[in-house]
Amino acid sequence: MIKLPRTLVFGSILFFTFLIAALISFLWTPADVEILNITSRFKLPSAINWFGTDHFGRDIFSMIMVGARTSIAVAIVAVGIGILLGVPLGLWAASHHGHWLDDLIMRGNDLVFAFPSLIIAILITAVFGPSAFNAIIAIGIFNVPVFARISRGGALSIWTLDYILSARVAGKRSFRISAEHILPNIANLLIVQGTIQFSLGILAEAALSYVGLGVQPPTPSWGRMLADSQTMISFAPHLALFPGFAIILTVLGLNLMGDGLRDILDPRIRRTQR
Amino acid sequence: MTLLEVQNLNVSIHDTKVLENISFSVNEGEIYGIVGESGSGKSMTALALMGLLPDGATVTGSAILSNTNLLEISEAQMCSFRGNTIGMIFQEPMTALNPVQTIGNQVAETLIIHDRAKRSEALKIAREKLNRVGLTEDQFPLDKYPHELSGGQRQRVAIALAIAMRPKILIADEPTTALDVTTQSQILNLLKSLVKEEKMALILITHDLAVVSGLADNVAVMQTGKIVEAGYTNKVFREMKHEYTRQLFSASNHTPVRTQKLEEIPLLEIKNVVRNYKLPRESIFARPKTFPAVRDISFTLRKGENLGLVGESGCGKSTLTRAILGLEELQGGEIKLEGDVVTAGKKLNAKIRRKMQVVFQDPFGSFNPRHKIGRLISEPFYLMQYKPTRDEVKREISDALINVGLNLDDADKYIHEFSGGQRQRIAIARALIIKPSLIVLDEAVSALDVSIRAQVLDLLAELSSKFNLSYLFISHDLSVVRNITDRVLVMKSGEIVESGDTQKVFDNPQHEYTKELIAATPILPKHLN
Chain A
0 MIKLPRTLVF GSILFFTFLI AALISFLWTP ADVEILNITS RFKLPSAINW FGTDHFGRDI
60 FSMIMVGART SIAVAIVAVG IGILLGVPLG LWAASHHGHW LDDLIMRGND LVFAFPSLII
120 AILITAVFGP SAFNAIIAIG IFNVPVFARI SRGGALSIWT LDYILSARVA GKRSFRISAE
180 HILPNIANLL IVQGTIQFSL GILAEAALSY VGLGVQPPTP SWGRMLADSQ TMISFAPHLA
240 LFPGFAIILT VLGLNLMGDG LRDILDPRIR RTQR
Chain B
0 MTLLEVQNLN VSIHDTKVLE NISFSVNEGE IYGIVGESGS GKSMTALALM GLLPDGATVT
60 GSAILSNTNL LEISEAQMCS FRGNTIGMIF QEPMTALNPV QTIGNQVAET LIIHDRAKRS
120 EALKIAREKL NRVGLTEDQF PLDKYPHELS GGQRQRVAIA LAIAMRPKIL IADEPTTALD
180 VTTQSQILNL LKSLVKEEKM ALILITHDLA VVSGLADNVA VMQTGKIVEA GYTNKVFREM
240 KHEYTRQLFS ASNHTPVRTQ KLEEIPLLEI KNVVRNYKLP RESIFARPKT FPAVRDISFT
300 LRKGENLGLV GESGCGKSTL TRAILGLEEL QGGEIKLEGD VVTAGKKLNA KIRRKMQVVF
360 QDPFGSFNPR HKIGRLISEP FYLMQYKPTR DEVKREISDA LINVGLNLDD ADKYIHEFSG
420 GQRQRIAIAR ALIIKPSLIV LDEAVSALDV SIRAQVLDLL AELSSKFNLS YLFISHDLSV
480 VRNITDRVLV MKSGEIVESG DTQKVFDNPQ HEYTKELIAA TPILPKHLN
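Chains as they are written, first to last, in numbering that gives the first Met the number 0: chain A, 0 to 273; chain B, 0 to 528.
No lab work stands behind these hints, which were simulated from the structure alone.
It is possible that some hints are incorrect.
[Unchecked claim] One-sided and incomplete, this derived list gives chain B residues near chain A with beta-carbon spacing under 8 Å:
hint, residue
1, 280
2, 324
3, 326
4, 349
5, 369
6, 381
[To be verified] Heads up, simulated DSSO-like pairs for lysine-lysine below, C-alpha to C-alpha not over 30 Å straight-line:
hint, chain 1, residue 1, chain 2, residue 2
7, B, 270, B, 386
8, A, 171, B, 277
9, A, 171, B, 16
10, B, 386, A, 171
11, A, 171, B, 335
12, A, 2, B, 16
13, B, 393, B, 371
14, A, 171, B, 270
15, A, 171, B, 465
[Stated by the list, open to error] Only some residues are given here: those of chain A computed to face chain B with a beta carbon under 10 Å:
hint, residue
16, 11
17, 161
18, 163
19, 166
20, 175
21, 179
22, 184
For glycine and all other residues, C-beta sits at the position ideal for the given N, C-alpha and C.
Build out the structure end to end from the sequences listed, making use of the hints.
Structure (structure tokens):
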């Protein structure tokens with residue numbers, strides 16, 4: 000029986016709390032987040048409104064739940080774009096190591112890396128209009144080189160091994176070798192990097208929403224809630240506190256999960272920790 | 000005078016006994032050999048003396064050096080012993096040195112750590128020590144980096160590092176295993192002269208009986224954590240009281256019985272093969288220079304023949320192997336297998352590929368750790384035109400496993416469940432499964448212990464007569480090539496310098512290089528056989 004690292008257990012508990020909250024929000028929330036109720040605005044946390052209400056009288060707990068849905072959905076799709084485009088690119092570059100195609104792909108990556116990601120995301124959403132879809136695309140594009148680079152690096156070290164040579168002697172083409180031999184052996188790397196990119200995706204979504212370029216109202220999002228509460232922070236701090244903690248805890252949970260996963264998936268680190 | 004006295008050394012790691020009642024003593028100016036196969040505990044003994052055992056190890060017994068019991072002192076005290084009184088050199092010179100520090104600094108560092116000298120003085124001593132191990136100032140200034148040196152030169156730096164403090168005892172753990180034969184004999188001579196001149200004691204740990212027999216005054220033979228026989232080297236090897244010592248001896252000189260018939264039909268024809276590598280451009284406008292790895296090589300391998308290809312690292316034998324397997328583009332010449340031309344890359348059709356397979360050296364890197372054995376050894380079926388059904392594949396897998404002496408239920412296991420020798424059997428099973436006519440054995444037994452190696456060689460001989468196989472046996476180990484091949488080719492810097500019947504070449508080498516190789520190979524004294 001493998002003893003799970005504490006970071007993994009604690010991180011998963013944090014993250015899955017928000018994930019479950021996000022899933023439940025599809026079926027049920029304590030209150031409807033799109034109905035305004037001005038008479039009961041700025042309520043402090045109570046038995047009815049667990050996290051209180053905001054300046055329009057909306058239930059903050061419900062908004063956090065729906066906001067979790069937005070954040071997680073944007074981050075999942077953005078990481079998905081990164082993996083689906085980046086990993087094949089990286090594997091392809093590795094299988095053509097030394098060829099000009101390898102150079103082309105990797106220099107293209109460098110080019111994307113060279114731009115400050117958030118500024119470009121703001122540019123994209125500013126040009127194409129603020130929406131959840133454009134936010135996803137903007138965040139996703141910057142995940143591509145991350146995954147391309149990491150899969151190329153992992154793949155290169157595996158390409159030098161003898162079992163790849165014997166697969167080539169068996170007449171297999173580089174595409175098939177990449178899929179059969181390389182990909183399963185770099186899965187660890189990708190899973191760990193995936194969790195980290197996921198947390199960065201959540202942060203990026205919050206940042207875009209904060210400047211008003213992410214998900215549009217009335218759909219709640221954590222970044223937007225922070226931005227809205229800014230002017231009222233002196234007399235109603237709970238408006239900022241709850242979305243702020245939601246962001247911190249989700250990102251913390253994902254990072255701890257990433258650390259923990261690396262500990263169990265990377266045998267080298269596992270050995271030294273024992 | 001006794002320098003180190005080890006008594007009843009016991010080591011267990013997480014309740015598994017790894018060393019049991021090890022007792023021996025080493026005298027001043029003596030070379031003490033410890034021989035054994037992997038897992039016999041010889042390296043563990045060295046680590047126990049150095050206080051470098053892995054976590055979870057418990058040690059009992061005593062090891063007295065200069066009135067101190069090495070097994071009882073604290074880590075802080077041990078640190079002043081390491082490097083100072085006991086020096087150590089390891090097997091792998093490629094990783095034993097820090098790649099980002101100059102060799103001068105690395106040697107001087109030990110002196111500074113032990114407060115023996117100030118920096119400027121330490122560098123002076125470092126220079127002396129490097130001179131002492133044969134790295135002269137004009138060619139090897141102190142500011143060279145490890146990557147600028149060859150394996151043998153790095154091992155010399157490692158030795159200079161170990162003797163910088165003039166230790167009383169030097170422990171050498173397989174110091175020459177990773178080196179070529181000619182380099183090996185130079186390093187062994189160096190160690191020998193150091194012991195004599197610096198009055199050190201040397202504990203030489205090795206798996207190679209021939210190395211020990213030529214060098215050590217006293218020897219201990221170890222098996223599964225125990226010393227089974229010890230004493231004067233000549234006496235131990237002459238009398239061989241213990242069964243295991245006898246086994247080791249017969250295994251290291253094992254000659255498999257071959258019943259394979261040789262036919263005068265050419266199987267593999269190599270004609271004027273040239274392979275050049277492009278070197279990186281020196282400037283954008285300069286044309287890239289080329290490095291000829293294989294220059295104009297021709298030979299023929301006949302059906303049923305075992306052909307040996309010998310050479311030291313960098314001679315081009317691996318490049319040639321890969322060219323034969325159709326993995327390297329040629330710049331000239333032609334490779335034919337049963338009359339069909341072998342070309343590199345996608346153009347090579349499955350019909351030719353099906354006729355050859357390969358077994359590599361490293362039993363640990365040759366398999367995808369995430370596939371089961373059944374899938375691993377059936378990979379070559381990918382080449383078959385006719386795709387066999389699931390049941391047929393299953394039957395073939397069972398046949399192949401039985402042919403190489405493994406069990407049927409091994410097909411559902413993963414590679415990490417097997418030992419080095421078993422893995423090499425699995426590699427042979429993979430090569431065998433589509434019944435090729437040629438198997439290229441690229442250092443296939445070099446990483447194995449002598450007794451396992453003897454078994455694998457027997458297996459290869461048996462399979463070759465059973466399936467009418469030919470082998471191209473590529474190795475740096477002359478003694479193995481001598482025992483298993485009909486004909487041998489000696490390769491140096493991309494060219495074949497000598498070829499002929501194995502026995503003739505070994506008994507009466509013509510080319511200077513062959514003579515040098517044979518002279519450098521440590522051999523067991525004749526009277527012991």
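Using Cβ atoms only, decide whether residue 175/A comes closer than 10 Å to chain B, and label the hint accordingly. holds, 8 Å
Taking 30 Å as the top limit, are the C-alpha atoms of residue 2/A and residue 16/B close enough? OK: residue 2/A and residue 16/B at ~25 Å, within 30 Å.
Would you mind confirming whether the straight-line C-alpha gap from residue 393/B to residue 371/B stays at or under 30 Å? holds, 13 Å
Holds or violated: is there a CB of chain B closer than 10 Å to the CB of residue 11/A? violated, 24 Å
Per-residue hint verdict: residue 184/A, partner chain B, C-beta under 10 Å: With Cβ-Cβ at 6 Å, under 10 Å, it holds.
Does residue 335/B lie within 30 Å of residue 171/A when you go C-alpha to C-alpha? Holds - the C-alpha atoms of residue 335/B and residue 171/A are around 21 Å apart, at most 30 Å.
Would the hint on residue 163/A be counted as holding, given a Cβ-Cβ threshold of 10 Å to chain B? Residue 163/A check passes; min Cβ-Cβ to chain B is 9 Å, inside 10 Å.
Check the hint pairing residue 386/B with residue 171/A against an upper bound of 30 Å on the C-alpha distance. holds, 15 Å
Next item in the hint list is residue 166/A. Is there a CB on chain B closer than 10 Å to its CB? Where the cut-off is 10 Å and the nearest Cβ of chain B is about 6 Å from residue 166/A, the hint holds.
Agreement of residue 171/A and residue 270/B with the hint, judged by alpha carbon distance not exceeding 30 Å: Holds, at roughly 27 Å.
Grab the minimum C-beta distance from residue 326/B to chain A and call the hint holds if it beats 8 Å, violated otherwise. holds, 6 Å
Would you mind confirming whether the straight-line C-alpha gap from residue 171/A to residue 16/B stays at or under 30 Å? Not OK: residue 171/A and residue 16/B at ~45 Å, beyond 30 Å, violated.
Against the hints set out earlier in the document, violations occur for numbers 1, 7, 9 and 16.
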